[in-house]
Amino acid sequence: MINENSEVILSVKDLTADVGDTQILKGLNLEIKAGEIHAIMGPNGSGKSTFSKILAGHPAYKVTAGEVTFRGQNLLEMEPDDRAKSGVFLAFQYPLEIPGVSNLDFLRVSYNAKRKQEGLEELDSFDFDELVRTKLDLLKMDAAFLSRSVNEGFSGGEKKRNEILQMALLEPKLGILDEIDSGLDIDALKIVANGVNQLRKFDNAILMITHYQRLLDYIVPDFVHVMEGGRILTTGGKELAFELEARGYEWVREEEAAEVAR
Amino acid sequence: MSIESAPAHAIEPTLKARVDRAAYLAGLLKSRPELSAELAELQGVRDRALAIAQELAIPTTRDEEWRFTDLSSLVQINFQPIHDQPTISFAQIESFILPEAVNSRLVFVNGIYAPDLSAVDDLPEGVLVGNLSAGIQLIPSLQNYLAKQQGSEEVFTVLNTASLIDAAIVHVPKNQEVETPIQLLFVSTSGDTATISHPRCLVIAESGSSLTLIEEYVTIADGGYFTNAVTEIAIAENAQVSHTRVQREGETAFHIGKTVVSQARDSRYTCNAISLGAKISRHNLEVYQTGEQTQTTLNGLTMINGEQVGDTHSKIAFTKPYGTSDQVQKCIVGDRAHAIFNGKVSVPQAAQLTNAAQLSRNLLLSPRARVDTKPQLEITADNVKCAHGATVSQLEDDEVFYLQSRGLNQEEARKLLTYAFAIEIINHIPVASLKANLTTTIRTQQL
Ligand SMILES: Nc1ncnc2c1ncn2[C@@H]1O[C@H](COP(=O)(O)OP(=O)(O)OP(=O)(O)O)[C@@H](O)[C@H]1O
Ligand SMILES: [Mg+2]
Chain Z
1 MINENSEVIL SVKDLTADVG DTQILKGLNL EIKAGEIHAI MGPNGSGKST FSKILAGHPA
61 YKVTAGEVTF RGQNLLEMEP DDRAKSGVFL AFQYPLEIPG VSNLDFLRVS YNAKRKQEGL
121 EELDSFDFDE LVRTKLDLLK MDAAFLSRSV NEGFSGGEKK RNEILQMALL EPKLGILDEI
181 DSGLDIDALK IVANGVNQLR KFDNAILMIT HYQRLLDYIV PDFVHVMEGG RILTTGGKEL
241 AFELEARGYE WVREEEAAEV AR
Chain D
1 MSIESAPAHA IEPTLKARVD RAAYLAGLLK SRPELSAELA ELQGVRDRAL AIAQELAIPT
61 TRDEEWRFTD LSSLVQINFQ PIHDQPTISF AQIESFILPE AVNSRLVFVN GIYAPDLSAV
121 DDLPEGVLVG NLSAGIQLIP SLQNYLAKQQ GSEEVFTVLN TASLIDAAIV HVPKNQEVET
181 PIQLLFVSTS GDTATISHPR CLVIAESGSS LTLIEEYVTI ADGGYFTNAV TEIAIAENAQ
241 VSHTRVQREG ETAFHIGKTV VSQARDSRYT CNAISLGAKI SRHNLEVYQT GEQTQTTLNG
301 LTMINGEQVG DTHSKIAFTK PYGTSDQVQK CIVGDRAHAI FNGKVSVPQA AQLTNAAQLS
361 RNLLLSPRAR VDTKPQLEIT ADNVKCAHGA TVSQLEDDEV FYLQSRGLNQ EEARKLLTYA
421 FAIEIINHIP VASLKANLTT TIRTQQL
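Order-wise, the sequence lines are chains Z and D. Mapping of the first sequence onto the UniProt record's numbering: residues 1 to 262, in sequence order. Mapping of the second sequence onto the UniProt record's numbering: residues 1 to 447, in sequence order.
Note that these hints are calculated values from the structure, not bench results. Backbone N, C-alpha and C fix where the C-beta goes; we use that ideal spot for every residue, glycine too. A couple of the hints might just be wrong.
[Claimed, not checked] Here are the in silico distance ranges between beta carbons for each label pair:
#, chain 1, residue 1, chain 2, residue 2, range
1, Z, G20, D, D70, 33 to 43 Å
2, D, E424, Z, D187, 28 to 38 Å
3, D, P430, Z, E130, 25 to 35 Å
4, D, E179, Z, L123, 33 to 43 Å
5, Z, Q23, D, D70, 19 to 29 Å
6, D, E411, Z, N197, 30 to 40 Å
7, Z, E254, D, E411, 47 to 57 Å
8, D, Q352, Z, T22, 49 to 59 Å
[Claimed, not checked] Listed below are the simulated BS3-like cross-link pairs for lysine-lysine, each with C-alpha atoms no more than 30 Å apart in a straight line:
#, chain 1, residue 1, chain 2, residue 2
9, Z, K238, Z, K140
10, D, K415, Z, K116
11, Z, K114, Z, K190
12, Z, K114, D, K435
13, Z, K135, Z, K238
14, D, K374, D, K315
15, D, K415, Z, K62
16, Z, K114, D, K415
17, Z, K173, D, K415
18, D, K435, Z, K116
19, D, K415, Z, K135
20, Z, K159, D, K415
[Unchecked claim] Facing chain Z, a subset of chain D residues (Cβ under 7 Å, in silico):
#, residue
21, S405
22, G407
23, I423
One chain only, chain Z, in its complex shape:
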């Protein structure tokens, strides 16, 4: 839902970043306003996950130049947990397993960290249980997942659902979904997409990374960006995704090259 007058949630200007001595992001620009859904597509290794982890504050990446502003704040100066508590959420492409920590405890600790930040009282386990159950229903997840260790032994699809369950609890202002559709069968995809759609509000935004146009049938983007070599090459509407699916990325590169030549 595009509304020119909405608040700018995320603004990225000329962002460059390295891992070790290798530059991965090479001048990335992006602006996301409240209410919008953005999709980033692009070949393997183009830097999509790197970008998402930089937004969340992963220590392995070093930002060398550029700006990232999140709701008026300099995001790059914030610790990862402060970003999370301020409303940045990353659903990981490969969610980690944490043996020994129950999913329920993890969700509660994380939920209460955010409440504390907002100056609210922590929810006790009774109230939290109730809340988490409504979110489980949203994602059609069995309550048995709560007593298991975080992601341990979960199937690929279950891990992705668990990520969205966390998002449903934390209600971020910016949800970054890194390949939330990979490895999901069509039924699971519908459930996850439906969950994401229900979390949409006029004052939040979603940035999703995907390889497949299929996801965009269920979560319909306002903008589709093509990323390659650590930059956004081109941006279009949802039709662009169909074109990419049909024609691959080669033509985007050629057009870009032609434009640069001109």
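We have chain Z already, so just place chain D with the ligands on it with the hints.
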């Protein structure tokens, strides 16, 4: 960190060190407390130990069994037995009493039975949980067990035996199942001088019996002291003992503890050994399977930081066929602390069809933390299954980041991951209040 690393000894003047340390031991023996008249019949036990001890010395790091645990700082302190036993009020130790064992507990202060702090009304008839003089009166076979275990000639064990003045005695008769956990609480206080105490336990589980034992070492003082503890457990045919041992001595304390277990055929023994305290601690855990189809389960957790040294030496000796052992030792090491694990498993020719598994998992929380872990399998039987493994890891950046990305700050994230590593061991503890208490300790530990 090293896994089975080559020895790296400090050069020591061997002969001189030995003489000094023999003299040091002689000093400890000389000042040992007197046996009371009612226990006079145990004088022989003490004297035999004394005779052995007089040939020995406090070990140096040149001794293979003490390679990594340097007792130089111990032998610099002139430890004395406590002369004026302090009066301890119940309020001072109340927090250590397990609600589940409120009427099945013995409290010892500096190794000496404290009747006013103990209560054993909650036990089935015929079960004895009492001090040494009660044991002598009520258990005719006591002397067949006391200081009779294998391995009882090791230096600190003989020092304990030679210094014997009291003990916790647990005797469970044939086919008696004791469901209430039995707590043996050893409290150290510090006097004006550095004190040494020699806590002692003897546990006899007759055939077909079962019991749950919680053995704890705690302090209500912060002065330096030395606990030299020995626990002997004799498990008869088809009996079952669940044993949880918690060592939370004071920061400047020394703790050397021996647990020696003999298991007759078809018996089952589980030890959950939790080691958190002391400046230097050592736990020698020895299990001797003497019959067929015997099961041994050892779960260990050492969690240390600062400049603590935490050493566990275990030994499981099979002698007959169809025995099993399952051992998991975890060490969490912070700051400049140093954990040591040496796990011996001995499977002689006669112990066919043995199944022994040993896993040593270590988590280093700081770049200067150190762990030395060494499996030591001595297997001569051919038809056996013996698995062992050792890992040394750190908290992964990706794991910490995952938790941070969900709003936990870095310290909370590290604490939660550390807790996650430890909890597998804590979960084996069969007493809910102790489990909860240790969970809190671990969850809030400064990293
Ligand atoms: N921690 C790292 N260490 C070394 N190289 C890295 C690291 N993270 C990313 N890279 C490299 O950066 C490049 C971009 O990786 P990234 O994971 O961002 O790609 P992606 O667009 O998400 O790819 P995919 O579609 O396969 O998920 C790759 O060449 C990758 O190998
Ligand atoms: Mg990726």
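Cross-check of the supplied hints:
1. In this structure, G20 of chain Z and D70 of chain D meet the distance hint of 33 to 43 Å, their C-beta atoms being roughly 40 Å apart.
2. Take E424 of chain D and D187 of chain Z: their Cβ atoms lie about 35 Å apart, and the range 28 to 38 Å holds.
3. A beta carbon spacing of about 32 Å between P430 of chain D and E130 of chain Z agrees with the range 25 to 35 Å that was offered as a hint.
4. The hinted range of 33 to 43 Å is satisfied by E179 of chain D and L123 of chain Z, whose Cβ atoms lie roughly 37 Å apart.
5. Distance hint check: the CB atoms of Q23 of chain Z and D70 of chain D are about 50 Å apart, inconsistent with the given range 19 to 29 Å.
6. Remark: the range hint 30 to 40 Å for E411 of chain D to N197 of chain Z is upheld by a beta-carbon distance near 36 Å.
7. Look at E254 of chain Z against E411 of chain D: about 51 Å separates their beta carbons, and that is inside 47 to 57 Å.
8. For the hinted restraint 49 to 59 Å between Q352 of chain D and T22 of chain Z, the CB-CB distance of approximately 57 Å keeps it satisfied.
9. The suggested pairing of K238 of chain Z with K140 of chain Z holds, with an alpha-carbon distance near 28 Å, which does not exceed 30 Å.
10. For the hint pairing K415 of chain D with K116 of chain Z, the CA-to-CA distance comes to about 19 Å; that is within 30 Å, so the pair holds.
11. Taken as a hint, the K114 of chain Z and K190 of chain Z pair is honoured in the structure, with Cα atoms around 28 Å apart against an allowance of 30 Å.
12. At most 30 Å may separate the alpha-carbon atoms for a hinted pair to count; K114 of chain Z and K435 of chain D meet this at roughly 29 Å.
13. Distance restraint check for K135 of chain Z and K238 of chain Z: the Cα-Cα separation of roughly 29 Å lies within the 30 Å cut-off, and the hinted pair is therefore satisfied.
14. For the suggested pair K374 of chain D and K315 of chain D, the alpha carbons sit about 12 Å apart, so the restraint of at most 30 Å is met.
15. Taking the CA atoms of K415 of chain D and K62 of chain Z, the gap is about 26 Å. The hint holds against a cut of 30 Å.
16. Restraint check for K114 of chain Z and K415 of chain D: the C-alpha separation of about 18 Å stays at or below 30 Å, so the hint holds.
17. About 28 Å separates the Cα atoms of K173 of chain Z and K415 of chain D, which keeps this hinted pair within 30 Å; it holds.
18. Proposed proximity of K435 of chain D and K116 of chain Z is supported: the alpha carbons are some 28 Å apart, at most 30 Å.
19. At roughly 27 Å between alpha-carbon atoms, K415 of chain D and K135 of chain Z fall within 30 Å of each other, so this suggested pair holds.
20. At roughly 23 Å between alpha-carbon atoms, K159 of chain Z and K415 of chain D fall within 30 Å of each other, so this suggested pair holds.
21. Interface hint status for S405 of chain D: upheld, as the beta-carbon distance to the closest one in chain Z is roughly 5 Å, under 7 Å.
22. Because the smallest distance between the Cβ of G407 of chain D and any Cβ of chain Z comes to about 4 Å, under 7 Å, the interface hint for this residue holds.
23. Interface hint at I423 of chain D: satisfied, since its Cβ lies 5 Å from the closest Cβ of chain Z, which is below the 7 Å cut-off.
When the structure is compared with the earlier hints, a violation turns up for hint 5 alone.
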